[in-house]
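S.K.: Sequence:
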Amino acid sequence: MFLLLDLECSLDDRLTFYKGPSSEHPVLRESCDFDKQQYIRCESESVYVVFETSDTFALSRWRLRYDCVRKDGFGDEVVIP
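Okay, so the sequence shown: first residue is 1 according to this note's numbering, each after it adds one.
Derived by calculation from the structure, the hints in this document are not laboratory data. Warning: the hint list may mix true and false statements.
[Stated by the list, open to error] Computed Cβ-Cβ distance ranges for the label pairs, DEER-style:
1. V27 / T53: 25 to 35 Å
2. P21 / E52: 14 to 24 Å
3. E43 / L11: 10 to 20 Å
4. E43 / T16: 31 to 41 Å
5. S10 / E43: 26 to 36 Å
6. E45 / L11: 25 to 35 Å
7. T16 / E45: 14 to 24 Å
Note that the Cβ used here is the ideal one computed from N, Cα and C, for glycine as well.
All chains should be built: construct the whole structure from the sequences, respecting the hints.
M.R.: In structure tokens:
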């Protein structure tokens, strides 16, 4: 389970969560507006997250806080290529 605690991004930017290790998998959720904590449930062992900026000259800034609860009780891993 992926618990989205806090999300802030520019008006036309988007954060997309995919059900699996790449963007070729089905979309779990697309989000930019954040008004409360959101649970994102996924049966896959990984969730792929993509941040897309809009075509504006404004600075794109975003913040994401989350918690990941795995079935085996171990912590999560974040990979930033």
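S.K.: Evaluate each hint against the coordinates.
M.R.: Going down the list of hints, with the structure as the test:
Distance hint for V27 and T53: a CB-CB separation of about 18 Å, inconsistent with the stated range 25 to 35 Å. In this structure, P21 and E52 meet the distance hint of 14 to 24 Å, their C-beta atoms being roughly 18 Å apart. One distance hint, 10 to 20 Å for the beta-carbon pair E43 and L11, is violated here, with the actual separation near 33 Å. Against the hinted window of 31 to 41 Å, the Cβ-Cβ separation of E43 and T16 comes to about 18 Å, which falls outside the hint.
Restraint check, S10 to E43: a C-beta distance of roughly 32 Å satisfies the suggested window 26 to 36 Å. Taking 25 to 35 Å as the suggested C-beta distance range, the pair E45 and L11 conforms, at roughly 33 Å. Range check, T16 to E45: about 19 Å between beta-carbon atoms, so the 14 to 24 Å window is met.
Hints 1, 3, 4 from the list above are not met by this structure, while the remaining hints are.
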